[in-house]
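From first to last, the protein sequence lines stand for chains H and Z. Per numbering that gives the first Met the number 0, the first sequence runs over residues 0 to 481. Per numbering that gives the first Met the number 0, the second sequence runs over residues 0 to 308.
Rather than coming from a laboratory, the hints here were simulated on the basis of the structure. Be aware that one or more of the hints could be misleading.
[Said to hold, decoys possible] Distance ranges between label pairs, derived from CB positions: (1) Ser163(Z) / Phe99(H): 58 to 64 Å; (2) Ser418(H) / Phe174(Z): 37 to 43 Å; (3) Tyr190(Z) / Ile84(H): 52 to 58 Å; (4) Phe464(H) / Tyr184(Z): 22 to 28 Å; (5) Leu364(H) / Ile11(Z): 34 to 40 Å.
[What the hints assert, rightly or not] Here are the computed lysine-lysine pairs in the DSSO-like style, where the Cα-Cα straight-line distance is at most 30 Å: (6) Lys265(H) / Lys2(Z); (7) Lys222(Z) / Lys246(Z); (8) Lys127(Z) / Lys219(Z); (9) Lys265(H) / Lys182(H); (10) Lys190(H) / Lys24(H); (11) Lys222(Z) / Lys421(H); (12) Lys362(H) / Lys190(H); (13) Lys158(Z) / Lys190(H); (14) Lys449(H) / Lys2(Z); (15) Lys24(H) / Lys182(H); (16) Lys158(Z) / Lys57(Z); (17) Lys265(H) / Lys310(H); (18) Lys2(Z) / Lys27(H); (19) Lys246(Z) / Lys297(Z); (20) Lys26(Z) / Lys421(H); (21) Lys154(Z) / Lys268(Z); (22) Lys64(H) / Lys74(H); (23) Lys24(H) / Lys2(Z); (24) Lys158(Z) / Lys421(H); (25) Lys43(Z) / Lys71(Z); (26) Lys182(H) / Lys2(Z); (27) Lys2(Z) / Lys183(H); (28) Lys127(Z) / Lys254(Z).
Just so you know, even glycine gets a beta-carbon here, dropped at the ideal spot from N, CA and C.
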Amino acid sequence: MLFNSIDFAVFLPIVFLLYWFVLNKNLKLQNALIVVASYVFYGWWDWRFLSLIIFSTVVDYLVGKKLRIEENQSKRKVLLWTSVIVNLGFLGFFKYYNFFLENFIDAFSLFGMQINNNSLNIILPVGISFYTFQTLSYTIDVYKRKLEPTQDFIAFSAFVCFFPQLVAGPIERATHLLPQFYKKRIFEYQKAVDGMRQILWGLFKKIVIADNCAHFANEIFNSSTEMNGSTLVLGAIFFTFQIYGDFSGYSDIAIGTSRLFGFDLKQNFAAPYFSRDIAEFWRRWHISLSTWFRDYLYIPLGGSWGGTWMKVRNTFVIFLVSGFWHGANWTFIIWGALNAIYFLPLLLTNNNRRNLDVVANGKLLPSIRESLAMLTTFTLTVFAWIFFRANDVEHALSYISEILSPSIFTNPIIGIEDSVNKIIILLTVFLIIEWKGRGNQYAIANLGSKSSQAIRFAIYYIIVFVIFWFGGKEQEFIYFQF
Amino acid sequence: MRKFLVNILIFIVFGYFIGEFSIRVLKLGINIPEMYQDTNGLIKNFPNQTGYYLNGNKWSVNKFGEFGYEPKSLDSLITVIGDSFIENIMNPNECDQAYLLSMRTNSYNFYPSARSGANLIEFMEMTKSLTHLNPVKQILYVHDSDFSNSIREIKHENKTFQWSIRSNNISYPQFLENKIKKVLYNFQFMYYIYRNYIISNENSSKIKIDDNKLNIDYNKIQKLLDFINKTYITDNIIIVFSPNSDKGLIEMVMKNNFQTIILKTDDIKTWEFPNDSHWTCFGHEEVAKQVSHGLKLKLTESNYKNSPY
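Use the sequences and the hints to build the structure in full.
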């Protein structure tokens with residue numbers, strides 16, 4: 000079920016009313032409703048893959064229970080690895096089987112050995128990368144005794160499959176989300192209103208920004224061989240905003256929806272395109288994933304404690320794995336590597352934690368130095384996104400070589416001028432609002448907060464109007480494929 | 000909780016009224032014409048009505064109860080018969096097929112007659128109902144699906160005329176003068192959202208899929224053509240095939256002694272709306288060019304045939 004669909008517009012009020020009016024007296028029933036609603040939400044796409052979620056839930060629940068009573072360290076390790084192998088096994092099979100097979104075949108063919116290609120027609124279950132990491136965080140935290148294993152199977156199931164963030168995050172930690180299922184939820188007016196506002200902003204980002212940019216980005220990337228350099232630059236910029244609007248829009252809707260049910264999810268994006276360096280960008284982009292990799296991969300590998308070599312190795316490992324997490328394609332790995340290369344100079348000069356606060360905090364506009372820093376970071380990011388969006392490495396390289404050709408100095412050649420002007424105006428307005436709200440959880444969190452209800456309603460009506468009037472053609476959320 | 004629900008309700012209700020008001024003031028809604036079913040089973044519009052289609056496009060029903068162009072005289076008449084493509088409420092009247100043909104063929108008057116969703120057998124019923132006007136020619140604009148949709152044994156339909164191979168009878172369309180439907184059409188904002196955001200994408204993809212996957216049962220269609228030849232006056236009928244029509248179907252129709260005009264274009268998309276396979280004004284003009292050219296040839300042929308020398 001897509002958040003920007005009529006199905007969800009019907010589904011959400013039904014679940015909301017049942018949750019607060021019918022089952023509000025019983026916490027277990029409320030949790031059970033969340034599990035059922037989440038399975039319906041997921042099964043709407045393909046009910047067959049519910050079995051994977053259920054299996055993963057049962058395995059991790061049982062592993063958690065065993066870890067609770069098991070004191071023998073080697074047996075505890077076996078339990079941990081059972082969970083890791085089951086979860087990563089599913090992920091590896093559904094997401095990476097064909098990739099590894101094809102690359103093995105290519106590698107062996109280099110030595111003159113021919114191997115039959117037994118690639119399978121595998122459907123990638125939506126959200127598998129997200130819920131796998133979420134359940135893994137539970138088992139690892141229980142293993143490390145950071146978290147008391149749960150005795151409540153329904154609460155644990157609800158934690159694994161919580162529908163607002165099941166298919167595209169934010170990837171929650173068990174230490175943060177699971178305890179919320181144990182406590183009675185009390186409806187809070189402000190929290191619910193805030194949730195609705197965040198949903199509205201998420202829909203705006205997805206339908207107005209991402210879907211409109213997608214139209215041009217797809218057109219340009221799909222016919223890149225016929226485009227000149229300046230058009231390809233525009234295509235990369237459109238994709239840069241598409242992926243931000245798409246993914247952060249989804250996160251906003253997920254967080255807002257959770258708030259309607261009394262839950263708090265972690266912030267997943269914090270105005271990343273206003274970052275002054277790549278380190279800051281990665282503290283602001285897909286925060287739930289980057290902190291997951293930091294805590295469960297980077298730190299266990301030794302983090303920044305070792306020597307220079309260790310720092311470089313660990314940085315490359317997390318960026319390459321992060322790239323590979325996004326998809327079984329060399330383009331994602333190169334995208335990860337590029338970000339590692341961007342990041343390394345900051346790390347090696349101990350400047351990676353230089354920009355921790357919000358840019359131009361308390362000021363209307365950034366300084367020239369800040370502006371240049373933001374522009375540089377943005378340019379580097381746009382360049383890296385070319386690999387992320389390209390169909391394969393060859394496509395990315397031909398795309399970049401055309402950008403670097405003299406054709407970059409010619410006029411762009413895309414579509415109908417009116418539509419391009421429309422999206423440029425919308426992007427400008429969007430950036431102004433994002434800039435104004437860059438210090439908030441989401442850009443319009445405080446928009447009109449000091450005004451009367453009538454003014455606030457008027458602002459919301461304008462956003463709704465823009466969504467209806469300027470919304471792009473419905474596209475699936477990009478991160479569903481990861 | 001109560002405060003939250005009340006505020007949500009106020010927001011939705013007030014927003015709905017703003018939407019309804021805007022749709023009506025900006026004329027963005029769709030007005031549905033008043034209709035009735037005549038004694039021959041044909042569903043017709045009450046004459047002299049006007050209304051709006053999407054994007055403020057005004058439609059009108061002429062004094063004969065037909066959409067769009069009104070012929071200046073009923074002398075030397077040529078009828079222009081079809082479905083929603085000829086009804087053409089998505090375009091201004093200046094792009095009406097009958098109007099465009101009358102601009103190109105001055106010596107004749109063109110009489111439009113169309114109903115959305117009509118099929119070949121309904122077109123034939125329309126030709127029958129217009130014979131009292133003594134038309135010189137009756138032009139039928141068809142798509143491949145109009146043949147199959149006419150046969151009850153291929154696709155059972157209640158909303159159009161259909162011929163049954165088994166019973167050799169024609170069934171009339173069911174006309175539901177649904178009062179609830181009328182009330183619902185008054186919620187123009189809701190209908191606008193439904194039309195623009197729910198069914199528009201579905202329709203555009205469905206039309207293309209239907210056309211692509213159309214399985215043509217030539218045997219049954221031959222039986223349909225036999226029935227048409229026996230039942231209706233077909234001498235003055237010209238069948239206009241839309242571009243990319245099935246070649247086998249065109250050959251079959253020609254073998255059955257129908258006059259035909261086959262529309263051609265290198266890129267059908269240039270004739271269509273972005274999310275709607277109906278023809279744009281440009282598409283209609285291209286069609287009118289080809290049809291008027293074909294029509295002139297047919298009229299000349301007829302003159303020679305009717306010549307006493």
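Below or equal to 30 Å on CA atoms is what counts here, so check Lys158(Z) against Lys190(H).
violated (51 Å)
Would you check the hint for Lys449(H) and Lys2(Z), treating anything up to 30 Å between C-alpha atoms as holding?
Distance ~19 Å between Lys449(H) and Lys2(Z) Cα, so the pair holds.
Does Lys254(Z) lie within 30 Å of Lys127(Z) when you go C-alpha to C-alpha?
Answer holds: Lys127(Z) to Lys254(Z) is near 22 Å, not above 30 Å.
Are the Cα atoms of Lys43(Z) and Lys71(Z) separated by 30 Å or less?
holds (21 Å)
Keeping to a limit of 30 Å between CA atoms, is the pair of Lys24(H) and Lys182(H) held or broken?
holds (12 Å)
For Lys182(H) and Lys2(Z), compute the direct alpha-carbon distance and say whether it is at most 30 Å.
holds (24 Å)
Checking one constraint from the list: CA of Lys158(Z) to CA of Lys421(H), max 30 Å. Satisfied?
violated (42 Å)
Does the beta carbon distance between Tyr190(Z) and Ile84(H) stay inside 52 to 58 Å, or does it fall outside?
Roughly 55 Å apart at Cβ, these two residues keep to the hinted range, so it holds.
Does the structure keep Lys222(Z) and Lys246(Z) at a Cα separation of 30 Å or less?
holds (18 Å)
Would the pair Lys265(H) and Lys310(H) pass a check requiring their Cα atoms to be no farther apart than 30 Å?
holds (27 Å)
Distance restraint between Lys265(H) and Lys2(Z), which requires alpha-carbon spacing of 30 Å or less:
holds (27 Å)
Could you grab the alpha-carbon distance between Lys362(H) and Lys190(H) and see if it respects the 30 Å cut-off?
holds (28 Å)
Checked against the numbered hints listed earlier, the structure breaks hints 11, 13, 24; every other hint is satisfied.
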